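Chemist: From first to last, the protein sequence lines are chains A and B.
Position in the first sequence counted from 1, then plus 552, gives you the numbering used here.
Position in the second sequence counted from 1, then plus 552, gives you the numbering used here.
Accuracy of the hints is not assured; some may be wrong.
Here are the computed lysine to aspartate or glutamate pairs in the DMTMM-like style, where the Cα-Cα straight-line distance is at most 20 Å [stated by the list, open to error]: (1) A:Lys715 to B:Glu943; (2) A:Lys860 to B:Glu848; (3) B:Lys775 to A:Glu563; (4) A:Lys668 to B:Asp749; (5) B:Lys959 to B:Asp816; (6) A:Lys709 to B:Glu943; (7) A:Lys657 to B:Glu848; (8) B:Lys764 to A:Glu563; (9) B:Lys764 to A:Asp644.
These aren't lab readings, by the way, just hints derived from the structure by calculation.
In this text, all values refer to a predicted model and were calculated from it rather than measured experimentally.
Number of protein chains: 2
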Amino acid sequence: MTVELISVGTEILLGNIVNTNAAFLAEECAGLGLSCYYQSVVGDNEERLCAAIETALGRSDILILGGGLGPTQDDLTKECAAKVLGKELQMDPHSKERIEVYFQKRGLTLTENNWKQAMVPEGAIVIDNDNGTAPGLILEKGEQAVLLLPGPPNELKPMFLNKMVPYLRKKQPTVIFSEMVKICGVGESIAETMIRDLIDAQTNPTIATYAKTSEVHIRVTAKADSKKEAKALVEPMVKELKKRFVNHIYTCDENVTLEQALVDMLKKEGLTISTAESCTGGMVASRLIGVPGVSETYKSGLITYSNKAKRRLLGVKSNTLKEFGAVSEQVAKQMAKGVAKLTGADVTIATTGIAGPDGGSEEKPVGLVYVAVYVKGQTMVRKFQFDGNREKIRQVSTAQALIFARKCILGSNI
Amino acid sequence: MTVELISVGTEILLGNIVNTNAAFLAEECAGLGLSCYYQSVVGDNEERLCAAIETALGRSDILILGGGLGPTQDDLTKECAAKVLGKELQMDPHSKERIEVYFQKRGLTLTENNWKQAMVPEGAIVIDNDNGTAPGLILEKGEQAVLLLPGPPNELKPMFLNKMVPYLRKKQPTVIFSEMVKICGVGESIAETMIRDLIDAQTNPTIATYAKTSEVHIRVTAKADSKKEAKALVEPMVKELKKRFVNHIYTCDENVTLEQALVDMLKKEGLTISTAESCTGGMVASRLIGVPGVSETYKSGLITYSNKAKRRLLGVKSNTLKEFGAVSEQVAKQMAKGVAKLTGADVTIATTGIAGPDGGSEEKPVGLVYVAVYVKGQTMVRKFQFDGNREKIRQVSTAQALIFARKCILGSNI
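In isolation and in its complexed conformation, chain A is listed as follows (with noise of 0.2 Å):
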């Protein structure tokens, strides 16, 4: 089966935006097995927009459209989807109704564009956005369908996965089983050069691996007529890969991440969590607390940007500071147990940098970061030189300060 994506938005052909939701889809559409041939983006104009749609009806089995649902004029990709499938629009007074609660919940005053959002083409299934007020709309044309997301990935992210995902697997006559082998603390060249050989001999399970933010993440996909058969294809490429890659790997589930496994692990062992943050600025800690329910593990965490704050809050000693600078193996370690002693956690990270774009120097340049990791009484610190523009050298830095307290925790030397 085949799939085409069509992503909406003068905002993106005038290259405002990066098209990460084109992406997002793309990989998803593979782990469902479904092969897709063409990605294309047209702006909010009715012309153009309708004969997109035309054409990629002609070439694929399912259209996938994000953007355009929004409540202006502008916004025209449900009417040209209608117009295209030769459907009328009418009111859905469910939508009606959820987008009246939305605007009261939030004390805001309703438009009479914002009806525009309730309108769907007749026949149409209709999915709730529990994000927004545009609901997604699927459309569909003998076995073929038009799905329609909107636009802001926040909402197009969780509509898809949650809802539209369910929908896919059932018309796919395929089964398609993937796992995801998440892999963290290995470079994605050097994490290809240690399965060339599964790669090149790959057919069925087929292997893709993703570079994501300091983790690679290795698709297994097998296609069968049952899950099981699926599954049994699949499970020992997986087995082989643990092999491989031993404790680098964080976790096989889709749906966890990095700081989840981070969190899960901790709760394991009945250790606490707190943070010192100088670069990351709390990237860290916004990280730990995006996992739901960590309210027993995370303790609290302390924003010290400045030297003041390092010395006040966390006890730095001034020597230090003046002898090492603030960026320094010596600073790191003293926050770490610095936060520890405050909060009384079992674990905590520190992290200390030169994010940029001022602020380095030959000695110490811009992408110079220290992550230290206090577990029960130890203390370890590592030295990073990363590239990059400051958002991307502070992210970096969120990531290794993460999987660098996994291997501290984990006490081995992977």
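Assemble the complex: chain A is given as a structure, and chain B must be docked to it using the hints.
Modeler: Relative to the frame of chain A, chain B by itself:
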């Protein structure tokens, strides 16, 4: 003049990589005054690639193709473009010599397939690649042009900027100029209603609205023969928008974020800031610390997720926690005051809320969030009820916390 982008690569179709080349090229083309109505992605497949080129030639003046110029048999872009334009491939002695030198310099062994990269369609303008082996190419067909670029971003970007832009400038007489007016504290539909008349009457300049998390961005774009003329068309419209949205506009600079505007405001007033976060757990701090040069303004932050941390680190009273609960106006206020006292900051932001998915009740549902802002002795608090998943609630809370802080500092009742 119109431009169309075709990205060639199976790795984009599979979602292995995000198509940042397209965003880069789109933005550069917009800056050159080229109208881009279509972007597409196709794999390394002769039939589909030829069809894509033919379709594009039928509707656009300039085609830019990225990727598929490598030395392997998979790489077909040049072959397909030549085929569609009816041109033969021939050896380019200049490119052949460059490839030889490239390999010699690096001590690499040339293989037979490397010569493939020196084959060019007859009559093509050959563009040297300073960062790799595949030359870029410009093929002309009457007034139309097909530009071929290598796929790796570190080859594509400099080649486009240094070699292709001058060619396109010569072809394109018109100049485009745009300004981005960024608004906070007004929803997208209300914002659009407020400028409905302007949108309806738009010709040159055009007006486009973009909904961001708790923000609305309005782009005003004009085309003219010179930058000066285009600017003169944009300016009265921006002035009109400023009149309508007054203090809700936090910047008219494309590159300035909400947090940057807040930090600039603090710097201008000579104020320092600290944060105390519960449900947002580091996100408010993280956005502020994302601003380069924030160190003189940001003092420190506390992440007090547990009640104990709120009491011990911020001095929130046990009685208050017992009587009103951690998610309450009273606790938010005490957090804001507590972190002000602890860190001596002039301004503080405090958040407490229920991010879910668990922890909600009828009285205090998931999505209930209080934000308190302390400004030089005065503490203000605002109650919000947000929808969505944990991630969404935390992101919106963070954005609204920054917006509320801005409002409190402005002291006006916007």
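Chemist: If a hint holds in the structure, say so; if it does not, say that too.
Modeler: We went through each hint and held it up to the structure:
1. At most 20 Å may separate the alpha-carbon atoms for a hinted pair to count; Lys715 of chain A and Glu943 of chain B meet this at roughly 18 Å.
2. A hinted pair counts as satisfied when its Cα atoms are at most 20 Å apart, and Lys860 of chain A with Glu848 of chain B qualifies at roughly 11 Å.
3. About 17 Å separates the Cα atoms of Lys775 of chain B and Glu563 of chain A, which keeps this hinted pair within 20 Å; it holds.
4. Taken as a hint, the Lys668 of chain A and Asp749 of chain B pair is honoured in the structure, with Cα atoms around 18 Å apart against an allowance of 20 Å.
5. Our distance criterion of 20 Å between C-alpha atoms is met by Lys959 of chain B and Asp816 of chain B, whose separation comes to about 14 Å.
6. Restraint check for Lys709 of chain A and Glu943 of chain B: the C-alpha separation of about 12 Å stays at or below 20 Å, so the hint holds.
7. Between Lys657 of chain A and Glu848 of chain B, the direct Cα distance comes to roughly 39 Å. Violation of the 20 Å bound is thereby established for this hinted pair.
8. A threshold of 20 Å between alpha carbons decides the hint, and for Lys764 of chain B with Glu563 of chain A the separation of about 12 Å falls inside it, so the pair holds.
9. A threshold of 20 Å between alpha carbons decides the hint, and for Lys764 of chain B with Asp644 of chain A the separation of about 26 Å lies outside it, so the pair is violated.
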